[in-house]
Each structure stands twice: as C-alpha cells, then as structure tokens.
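Q: Chain residues, written in single-letter form:
4 protein chains.
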Amino acid sequence: MNGYAGQKDAYLKRLRRIEGQVRGIAKMVDDDKYCIDVLTQVSAATRALENVALGLLDDHLGHCVAQAAAEGGDVADEKIAEASAAIARLVRS
Amino acid sequence: MNGYAGQKDAYLKRLRRIEGQVRGIAKMVDDDKYCIDVLTQVSAATRALENVALGLLDDHLGHCVAQAAAEGGDVADEKIAEASAAIARLVRS
Amino acid sequence: MNGYAGQKDAYLKRLRRIEGQVRGIAKMVDDDKYCIDVLTQVSAATRALENVALGLLDDHLGHCVAQAAAEGGDVADEKIAEASAAIARLVRS
Amino acid sequence: MNGYAGQKDAYLKRLRRIEGQVRGIAKMVDDDKYCIDVLTQVSAATRALENVALGLLDDHLGHCVAQAAAEGGDVADEKIAEASAAIARLVRS
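Chains as they are written, first to last, in our numbering: chain D, 61 to 153; chain V, 61 to 153; chain W, 61 to 153; chain C, 61 to 153.
Note that these hints are calculated values from the structure, not bench results.
Here the structure is a predicted model, which means the values were calculated and not measured.
It is possible that some hints are incorrect.
A pair counts as met if it fits within one copy or between any two copies, since identical chains are not told apart.
Heads up, simulated SDA-like pairs for lysine to any residue below, C-alpha to C-alpha not over 25 Å straight-line [said to hold, decoys possible]:
#: 1; residue 1: Lys87; residue 2: Gly132
#: 2; residue 1: Lys87; residue 2: Leu114
#: 3; residue 1: Lys87; residue 2: Glu131
#: 4; residue 1: Lys87; residue 2: Gly133
#: 5; residue 1: Lys73; residue 2: Gly133
#: 6; residue 1: Lys73; residue 2: Gly122
#: 7; residue 1: Lys87; residue 2: Asp137
#: 8; residue 1: Lys73; residue 2: Ala130
#: 9; residue 1: Lys73; residue 2: Val135
#: 10; residue 1: Lys73; residue 2: Glu131
#: 11; residue 1: Lys87; residue 2: Asp134
#: 12; residue 1: Lys73; residue 2: Leu114
#: 13; residue 1: Lys73; residue 2: Gln127
#: 14; residue 1: Lys87; residue 2: Val135
#: 15; residue 1: Lys73; residue 2: Asp134
#: 16; residue 1: Lys73; residue 2: Gly115
#: 17; residue 1: Lys87; residue 2: Ala136
#: 18; residue 1: Lys87; residue 2: Leu72
#: 19; residue 1: Lys73; residue 2: Glu138
#: 20; residue 1: Lys87; residue 2: Ala130
#: 21; residue 1: Lys93; residue 2: Gly80
#: 22; residue 1: Lys73; residue 2: Ala136
#: 23; residue 1: Lys68; residue 2: Gln81
#: 24; residue 1: Lys73; residue 2: Gly132
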C-alpha cells in the first residue's frame with residue numbers, strides 16, 4: 061500500500077498538467093521565445109513539482125510512517141530514516 | 061534574438077527528457093508505486109529542470125545582458141533588474 | 061521533551077560555528093572583499109543552516125512524531141500536519 | 061572595487077541581525093525549546109541569508125559584471141562564468 065492511494069486521481073491530474081507545462085517550455089524554446097519568459101515558466105514548473113513532492117511526503121508521513129511508528133521496532137526506525145533521506149533530497153534539489 | 065539560440069537543440073533534447081520523466085512519474089503513481097520511489101523521481105526531475113534554468117540564465121547573462129551592458133544606459137539597467145528578478149524566482153522555487 | 065535532547069551539545073557547537081560564519085561574512089563586507097567571495101561564504105552558511113534543519117527534522121520525526129503516531133488519535137494527526145508544514149517552509153526557503 | 065560599496069552599512073546591519081537570529085536559535089536549543097519552533101527560526105534565518113545573497117548578486121551584476129561587459133573581451137566572459145557559478149551554488153544551497 062502507498063500513502064497517496066486516496067488521492068491518486070488528483071496527483072495524476074497535477075502531473076499531467078506539469079507534463080503539459082514542460083511541453084509548453086519546449087515549444088517556447090522551439091519558437092525562440094525570450095530567455096526570461098522561458099525561465100519564468102521553468103520556475104513555475106519547478107514549483108509545481110515541489111508542491112507535488114510536498115503532498116506525497118505529507119501523505120507518506122500520515123500513512124506509511126505513522127503506521128510503522130504505531131507498530132514500532134526496527135521497521136519504524138527504517139521508515140523514519142528513509143523519509144528523512146527523501147526530505148534531504150528535496151531540500152537540496 | 062535570445063541567448064540560447066546556439067544551443068536550442070540541446071535544450072529541446074533535455075526538455076523532452078524531462079517531459080518523459082514527468083510522464084514516468086505519472087505512470088508510477090498510476091501503478092501505485094511506493095511513495096519514496098515516486099519522490100526520488102520527482103526530486104530528479106526538479107533538479108533537471110533547475111539545471112535547464114541555470115543553463116538558460118548563463119546563456120542570457122552571456123548574450124542578452126552582456127550586450128545590453130556594452131550598450132549601457134537605461135536598457136542595461138532594465139536587463140540587470142530583470143535578470144536579478146529571474147534569479148530570485150529560481151532561488152525561491 | 062524535544063527530539064534533539066540527546067544531541068544538544070552537537071547542535072550548540074554547530075550553531076556557534078554558523079554564528080561565527082555570519083560574523084565572518086560581516087567582516088568580509090566591512091573589509092570590502094570581492095562580491096563573489098562574500099557570496100561563496102553566504103552559500104556555505106546557508107547550507108550549514110539547512111543541514112542543522114534537516115538534522116532537527118530527523119530527530120523530531122524519530123522522537124516526537126513517532127511517539128505521537130504510536131499513541132494515535134488526533135495528536136498524531138496534528139503532529140504529522142505540523143511536521144509537513146515545517147518541511148514545506150524548509151523546502152521553500 | 062566591489063558592487064555593494066554603496067550599501068555597505070545596510071548589508072552590515074542585515075548581517076548583524078542574522079548573526080543575532082543564529083545566536084537566538086542556539087539559545088532556543090540550550091533552553092530545550094520545541095523542535096518545530098526551532099525549525100521555524102532556522103527557516104527564517106536561512107531565508108534572510110538568501111535575501112542577502114540575492115542583494116549582493118544584483119549589486120554584482122549591476123556593477124562588476126556590467127562594467128566588465130562594457131569593456132568586453134576575456135574579462136567579460138570570465139565575470140559572466142563566475143557569476144553563473146555563484147548563482148548555481150545559491151540555487152543548489
């Protein structure tokens with residue numbers, strides 16, 4: 061099971077929109093649009109991806125991590141370490 | 061003219077790859093993959109988009125901003141202010 | 061109780077070092093050092109602060125959040141929501 | 061010469077304030093304050109440092125880079141490459 065199961069459709073919709081944003085950026089480059097306008101769209105797509113990541117992380121903490129913590133033991137420790145590593149990757153990306 | 065004209069094909073190729081990464085993330089969600097594995101791919105796509113932005117910014121400084129600065133006057137000041145605003149959006153996204 | 065209790069001295073040492081880094085940056089500005097050299101030190105201090113934040117977050121998940129999750133109920137939900145909000149602030153800062 | 065010369069006092073004031081913020085965070089840790097409250101202050105200090113960096117970068121582009129670009133040649137290219145590297149460090153920190 062995964063933490064985002066209840067909101068799968070919403071995530072799919074957001075990801076399709078981001079895919080469209082990236083395709084739009086490629087079209088802007090192909091059409092020789094002004095650098096700063098391309099950059100504005102790249103920043104918007106980056107922020108949209110980050111928001112998807114923050115949502116997935118919240119779902120993961122609320123389901124997978126919370127459940128493992130309730131059971132305790134080594135699995136709980138592993139889930140926490142794994143989540144912390146994912147957070148670090150996100151903060152540094 | 062834009063700053064990335066000489067490397068348009070390389071940017072298009074990178075953007076198509078990122079578009080494919082985002083489509084792959086949607087497929088992972090659709091296939092109910094584990095949250096942390098989805099998050100790892102979201103971080104990778106975010107970083108790839110940031111690298112495109114840094115490349116476009118470097119091209120922009122080296123062409124558009126450098127040329128405006130060589131001409132001087134108000135246009136130069138405007139180009140610098142515009143580039144600084146784009147950098148701020150990037151740092152905060 | 062807080063999650064970082066076991067490593068209080070290590071955090072204090074890291075924070076004193078960052079305080080010294082910021083004081084060093086002020087001295088560089090006062091001594092009219094080259095912009096790029098000042099910026100390099102600002103990036104280093106920023107990264108050091110982010111690493112402190114990632115450490116505190118890991119401790120918090122491993123202690124406060126894990127304990128609340130083990131107890132379950134509303135408190136668990138609140139702790140998860142609070143941690144997610146802190147992660148979002150960190151990712152966006 | 062450096063780009064921030066005209067605003068040296070303002071930068072010194074901002075950096076002293078950030079130094080005080082970091083000292084305040086150390087005091088919070090020493091007083092065993094709640095993790096999330098400490099994290100909120102770390103995010104605030106990180107953002108304040110980033111804003112100093114964005115200011116220094118804007119000054120640098122507007123003075124050092126603009127002047128080098130006006131003179132042209134290898135020095136201009138070097139200054140652009142150096143600024144781009146500083147921007148990349150900032151975006152990734």
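Q: Just pull the numbers of the violated hints for me, sorted ascending.
A: Failing hints, ascending: 1, 3, 4, 5, 7, 8, 9, 10, 11, 13, 14, 15, 17, 19, 20, 22 and 24.
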